[in-house]
Amino acid sequence: EDQVTQSPEALRLQEGESSSLNCSYTVSGLRGLFWYRQDPGKGPEFLFTLYSAGEEKEKERLKATLTKKESFLHITAPKPEDSATYLCAVHNQAGTALIFGKGTTLSVSS
Amino acid sequence: EADIYQTPRYLVIGTGKKITLECSQTMGHDKMYWYQQDPGMELHLIHYSYGVNSTEKGDLSSESTVSRIRTEHFPLTLESARPSHTSQYLCASSESAGGKETQYFGPGTRLLVL
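Chains as they are written, first to last, in this note's numbering: chain B, 1 to 110; chain L, 1 to 114.
There's no promise every hint is true.
Unchecked claim - Keeping only pairs whose Cα atoms sit at most 27 Å apart, straight-line, the calculated BS3-like set for lysine-lysine is:
no., chain 1, residue 1, chain 2, residue 2
1, L, 100, B, 57
2, B, 42, L, 17
3, B, 42, L, 31
4, B, 102, L, 100
If you are wondering where the hints come from, they were derived from the structure by calculation, not from laboratory data.
Here chain B stands alone, though its shape is the one from the complex (with noise of 0.2 Å):
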């Protein structure tokens, strides 16, 4: 069965703190593993794609990497505007829907 589970549910950091976000997934031949940052009563806003193990992205203080099971997104450094809740989704086998885990709550505190 396709499953995408993200650790920890809740992230509290001090800002400057860096830390890492966890996502691992089961699905048969990934067809890309999405990050997405939520603002609270907000839509979606998209940060990544990776399609293959080893690949790493990154954008200001966020990086994102691919292993053959997981996904980590590091935050380096991370400010009060960084305070989302991170998802973290694949495609399912059949390709025609994105399978998201419940996500990542980070909260940066001043």
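Dock chain L against the given chain B, drawing on the hints supplied.
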């Protein structure tokens, strides 16, 4: 990046009313999707469309219906709203290029059925 619009953003309505949630995109994307998201839970696909006059049900069973008469427009309708339909509804669109596809989301409609 896609421009996707959803209206209304918030809707409070009584049981038994018919409602239509609007979704439109300006990027000419062939594929469009409707997801349902409850607080603290995953997004679940309820409908998708790969083009005009093409609609399919998603993984999550839903009493809603959709139509795709124009490429840019993908409305969702509930014929008779019930409290169990209370949720956030998110519309998305995507295009495929070289086997790679990214979905872009609208701001969502938060529905409360009393």
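**Study point:** Earlier hints that do not hold, by number
**Key:** Violated hints: none at all, because every hint is consistent with the structure.
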